[in-house]
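Protein chains in written order, with this note's numbering: chain A, 1 to 418; chain B, 1001 to 1286; chain C, 2001 to 2709; chain D, 3001 to 3223.
Derived by calculation from the structure, the hints in this document are not laboratory data.
Keep in mind it's a predicted model, so treat the numbers as computed, not measured.
One should not assume that every hint holds.
Label pairs and their in silico Cβ distance ranges [unchecked claim]:
{"#": "1", "chain 1": "C", "residue 1": "2114", "chain 2": "D", "residue 2": "3086", "range": "30 to 38 Å"}
{"#": "2", "chain 1": "C", "residue 1": "2279", "chain 2": "B", "residue 2": "1061", "range": "32 to 40 Å"}
{"#": "3", "chain 1": "A", "residue 1": "367", "chain 2": "C", "residue 2": "2707", "range": "22 to 30 Å"}
{"#": "4", "chain 1": "A", "residue 1": "367", "chain 2": "C", "residue 2": "2554", "range": "45 to 53 Å"}
Quick reminder that beta carbons are idealized off the backbone N, C-alpha and C, glycines included.
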Amino acid sequence: MDSALIPEGAKRCSFPKFAIGIAIVSAVVLWGVFAMFLCWFKGLNQTNMDDYYGFALWIWADLAVIAVGGGAFFTGLLRYIFKIDELKNIINFAVIIGFICYSSALLILAIDIGQPLRGWFIFWHANVHSMLTEVAFCLSAYFAVLTIEFIPNILENRQANKVPFFHHLAHNMHGVMAVFAATGAFLSFFHQGSLGGVAGVLYGRPFAVREGLLIWPWTFFLFTWSAAAFGPCFTLLVTKITETVTGKKLVKDNVVHLLAKISGWMIVTYIIAKIIDTIYWAMVTAPSLGFTLSHFYSNNGFYGYWILITEIVLCGVVPGAILIMKSTRENPTLRLVAIILGTIGICLNRWVMVLQIMAVPVMSFDTWALYFPSWQEIATTILPVAYGIILISVAYRYLPVFPQEQELNTIEPVSKTE
Amino acid sequence: MKQNNNKAHKFGMVIDLDKCTGCGSCMVSCMSENNVPFKEDESNKKDSITWMRVYKLTNGKSFPDTEIVYMPRPCQHCGGKGDHGHSPCVSVCPAVATDYGYDTGIVSQIYTRCFGCRYCMGACPYHARYFNWWDPKWPEGMENYLSPNVSPRMRGVVEKCSFCYHRYQAARDTAYYEGRDDIEEHEYQTACTTACPAGAIVFGDLNNPAHKVHQIVKPDPHPDPRNKHVVGKSRNPKVFRLLERLGTNPKVYYLSEREWVRKQGDNYLDGEWDKIKNHHGAASHG
Amino acid sequence: MKVDRRSFLGLGLGAVAGVAVSPIGMKLTDDSSIWTQNWPWTPVPVDGEVTYENSVCSLCPGSCGLSVRKIDDRPVKIEGLAEHPVNDGGACLHGIAGLQYLYDPARVKTPLKKNGDKFEEISWDDAIALVAGKLADLRKKGSPEKLACIADKEQGSVSGLFQRLLKTFGSPNFYTMPSLESYLEVTATALHGEGMTIGFDLENSDFVLSFGSGIIEGWGSPVNCFKANASRKARHAKLYQIESRLSNTAANADKWIPVKPGTEADLALGMCAVILKNNLFDGGATANFIGGFNKLAIMIQKEYAPSKTAEITGVKASDIEKIATLFAKAKMPVAVFGKGRGDGAQSLKELAAVHTLNCLVGNINKKGGAFVQLKSDYLEFPDESMDTIADAGFAKNKTGRYVNQLVEKVNESSKPVVEALFVYNANPCYSLHDSKSVKQAIGKIPFVVSFSSFLDETAKEADIVLPSHTFLERLEDVPSCAGLAKSVVGLTKPVIEPVFDTKHAGDAVILIAKALEGSIAESFEWETYDECLESVAAGIWDSLSEDGYAIISEGVPFGSVAVNVSFLADNPATVQARGDYELTLIPIDNMRLINAGIAASPFAIKTVSDKVLKGSDIVVEINPLTAKGLKDRGYATLTTPTDTARVMINLNEGMMPGVIGMVEGLGHTFDNKYVSNKGINVNDLIGPVIESGSGLDAAFGIKVKISKA
Amino acid sequence: MSEIENKTENGSTESAGECTTGDTKDDKGLGLGVIFFIVAFVGCFLSGTLLFPKLLYSKKEQPFNFDHALHVGEAGDCESCHSFREDGSFTGIPKLDTCLDCHSEEALGETDDEAVFVEEYVLEEKEVPWYVYSRQPDCVFFSHAAHTQTAGMDCVTCHGHIGESTSLKPYEENRITGYSRDIWGKNIFGIKKHSWDRMKMDDCAECHKKETGHKGYCFQCHK
């Protein structure tokens, strides 16, 4: 019934099947929306946050989605600036994922603040010294860029494309996309960084504080770097999931391998920097404030050295290693393991840089504070995921997201290996 | 207004922990002075608004060698690294809803500017900042005792100790009216100071040698040679500040004869304390 | 078709553009945020002229001077009054939070009459008539002595009026709740004779030996004691605290001497033994001893030799010797008694034994010592006119010596020994031991009249509630009844018009008296309480009304007093805790709570640590060694001979092994969600133990066992 | 690029036919579109500028008219009624007893307004519930002493020439915020010609910056 909208020559499941799927996910969305309104109308007492946990699950989710959304800017950078042409076959999807991540991030922020109707003060009364101000500005700006990057893809919808105006618009936008990609990359570099800065500048919190370059603590650069490194992992992961769900091959292996390779080398370099940073912090920064490393990883029910090792070794070194070696990289299973580990790693890193900071006691007579989110928090955190699934399925169904789709699926089995 | 800019105060406090009895007068005086709300269950101290909070410290020894001391903790009104006014909380507020008064050294706020991002709370190692998780509500009729000198805060904003700034304003109003260009030590005292039955809290201008707080603390005008971020270290060996090593430069000082108490004021690596405890204040350059 | 689409497009874009450049967007964005800054449900305090009024706090016997800040007619802040002889500036948290009592949700807003088990509102006239009627019947029946009254204290004009009403009515049954003042009198009476009382010169003493007195936990006149304690450092004075728990006082003291609970008396006598053995006592002073000094001396040295005492008390013999010697050799030593706030259960043996230390070292009526003198009575009531019924009834014996015996009698006898009861400023159903049986007794009394400002545990049991003004709404003379070196009378003044339809208890009494007519009415010639106060306090009225206080006696009293040791010489048995479990539960006095009639204010409750109260669970202190399997912050069941309770555990190294501490002042059940139904009332768990000889309830604790819940 | 180029070719070839045939219609449509655009634009803009304020503000009449000019003439300057207290705080709108310094049960003049004043307030001993044009929200701390006594500012600077007025304008209250219209200023765009046309924070800050070299710290003007 909606065949008129479906890209030519593309096979899609029947509309009812599609509708049912969407309906199910929408239920989850409604649940999240309900929780969201509770938080807005009854206030943040609906959450389990407290004066020790001013930043909690939401801020983590925020940082996490932005980090994994980093795939968008980085792929864009490679595609349009460094002119790595193969990536055009995945750039659309990367952009969509980025769009979802960033819109979610903004939504979460709108729920997280105690006075949403005053949220615009962050722009109006901006404090240039605050990393959060930098985040807010770059985040909104980059979201705008992503929207612009997304538009042409939407306009390529079969019906929209019939309108000459839209058609030409899409065409011309493709032409100038490099400019936006560049802006996007620049903006993204800053807000990914400033998100890292958010933690790094907390000189009252020895677990978070880092020395740095000029006004930027090392976490600034580590966050940007890690986003660029692990973002593509997530892009690949979601692509893989979409392929499994649709039961079609959507992106050629050479593209995947290329992105995986780049990601791999980024991860390796990042993890080396991260290790150096951790050692310096543990050996110099923290002790100079009277803290030993053990202080941060003992005397509590949850945060132990395991979290440090998992983040750096299991979810950093391992995926890095897998992805830089051709043999392992081109082994689908290992590659999948790597990108999963990588995605977990980046999320874990953001978790540590938000929640563990809040948990660690600073005053000698203070105690560890642990926290478990309320259902309202969980619901509002799942909300973006569900919304993301819907947007991806709709986009996949009606937009030519994967340029290689037809080629890969019309020509029967013959799957070339290059 | 002009003359206040060219003569900068630095209001601060010194609390004698040997005198403090942990009676709680300071907490209640603060709450009733500043229209702090209360709710049915206040036993979860992590969401209970008490601008002045009294911590109970023990020496960790077992019976019968245990010792207790009470440590009242208002907002420390940090001067930030090098005492340049970039307090941990002020520097992070995205909307300038809290700033550093260079004429008073007081970290001030606009509750109506704050939009509740709570970044400042994450930045404060003293947990001196509190978020209004609930709408403030008073039992029927009880709102009649609210003071007009401090605006009640609405749900969704962060609040903290203000060193009873409104008392400073009132004192200045009187001074202006009487044509004086400055106020006397006794004219501006915080609610906790005046309430303390043990007289454990001394409040005044750290910049003014005539003030008692200055005489007790003897703040060192020079940076600590061992940590350039630390300014205004006390030259009194019995006086210390909380987490001084972080370079937050609080304006709240503590006084105690007991070494174990002074040691709990900060974090030290094994054996570090014994090396530096006697350097306390030795950094002074006369 | 295309036309349509485009024109619609134009229309839409035009509208958007038009609104965009109009001020609507900007203005609404601004206004919506301003709306959040002025939410109608967030109160806006009205501004006005600032004025200050002085008064005196009567929440506890401390009687501190208060300065009340007002905006126009609204009191907005209470602070300590500078240069007041009692507190000179400082104030305790309860006084500062006083305004919360003014608007307390549990206040009685108008007279109430019990109908079935519900209260209904009645007018003052009906209420007074009703009370007068009942009392008149009682007199007709010729048993006026069956009217009893329980008040907070004996001193003061309001208490005076109640006593006067009972006397002229024909009843000797006036009782007061146990208080430090009453114990001081009991002690003074036993050792020095009728009408005497004791004060401690803490400001000047250079060696304070405290037998569990919570000198910075609300003992005596709290703020005054805080100041005396704070000045210790400067005066190079020492404080030694003898107590089974590391209380704040113990923590603040120069030395803490942990002692087995309930053995303070033995320790005191043990120290006497040392002083006697080593001839450290003051010969001159012992000359004043009567009632068998030698007998006492021999008994003590025989029964309380250091080694033996060490066994009983758990304090090392060497320490006993050392401390006794330090005490005796100090220039201005003073031994202080009255465990905790001094208003809980006490044994005369303990009080007398400790005070004997003072007498032995001869610091009676010396600077920095204990002041023994006649009770100061600054009120002069005109002689009552008594009719025959009154004379006959008043001549009868009191039903019991102390209030707890009254309760006992009521519960024991089948026929009512008390027909009518007045309760003023007292909450026996909460603050007496074994509150259940107290409630039962009150329930047995046919006609109970409460004069409480709040619907507290006792008022709930009453048949009539005649609500009183709070201390911020009334005029009253407030003597400091708290073992001070000086005796001061303060004047409480109304700082605000009564918030509800309440009356001054004094006025209520006068009205009742007038309604009873005859000789009773004659004895109450005043129109109002205020008029009454001015006339009966005529002697000090000028200074009262001008300065807000009058100093009755100050400085070291003159002359020596006799010391009658006969009570101790017979070596009365030390009171033991009830039950045969091996742990002992003792009440803890916490400055941030109130264990008298009223509950702590919402603000005060807010300051209470989560190691004392967590949600609605009370937290008990126990030494890790005693706790065995129990985990910190875990739940446990506490079993006493009378009752069981669910409690939370706080492992506390400051607790003596074998002892469990439970805070006093929680577990109120009246209608104020901010302070009620939190934790349990320790008095429910501890049953009274009457000391033979003195008749005092001396239950310092009770034997319990504790197990995981 | 290949992918997209293919598409665009398809696209153009496809729509080519339509385009040629559709050109003329296009222009008409466009013209119509433009007209619609202008109509909608003007309509929305005007309603936003003229109608919107009418809806936003509610008009309230003062209890009775007050002639400032007259009173200034009789009593002298502003301070004789709007005075300071001993402690340097400012009384603002005078209370009834201040009025009674001059007024009494007997009317001084013969205006109807004074009659209302005497009958409804003096005799009833009720305070007059004036609407305050310059009332600032609860979060604002303002020291008159600092401005008039110390900095020597003139009342007019912020309050305008109300002292010369013979009648009180109706009080306009913002339905959303409850603010007096004088805070945002009469001009809905927030444009001001005189220092007293607006009383928003920016106006305070502007003057503070000029006079003291600093906008001031939060607590200087907030409580």
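(message) The hint says 32 to 40 Å between residue 2279 (chain C) and residue 1061 (chain B); measuring C-beta to C-beta, is that right?
(response) holds, 38 Å
(request) Take the C-beta atom of residue 2114 (chain C) and the C-beta atom of residue 3086 (chain D), compute their distance, and say whether it sits inside 30 to 38 Å. (result) At 52 Å between Cβs, range violated.
(message) 45 to 53 Å was suggested as the range; check whether the CB atoms of residue 367 (chain A) and residue 2554 (chain C) agree with it.
(response) holds, 49 Å
(request) Could you see if the CB distance from residue 367 (chain A) to residue 2707 (chain C) stays within 22 to 30 Å? (result) For residue 367 (chain A) and residue 2707 (chain C) the Cβ distance comes to about 27 Å; the hint holds.
The structure fails hint 1 only (numbered hints given earlier).
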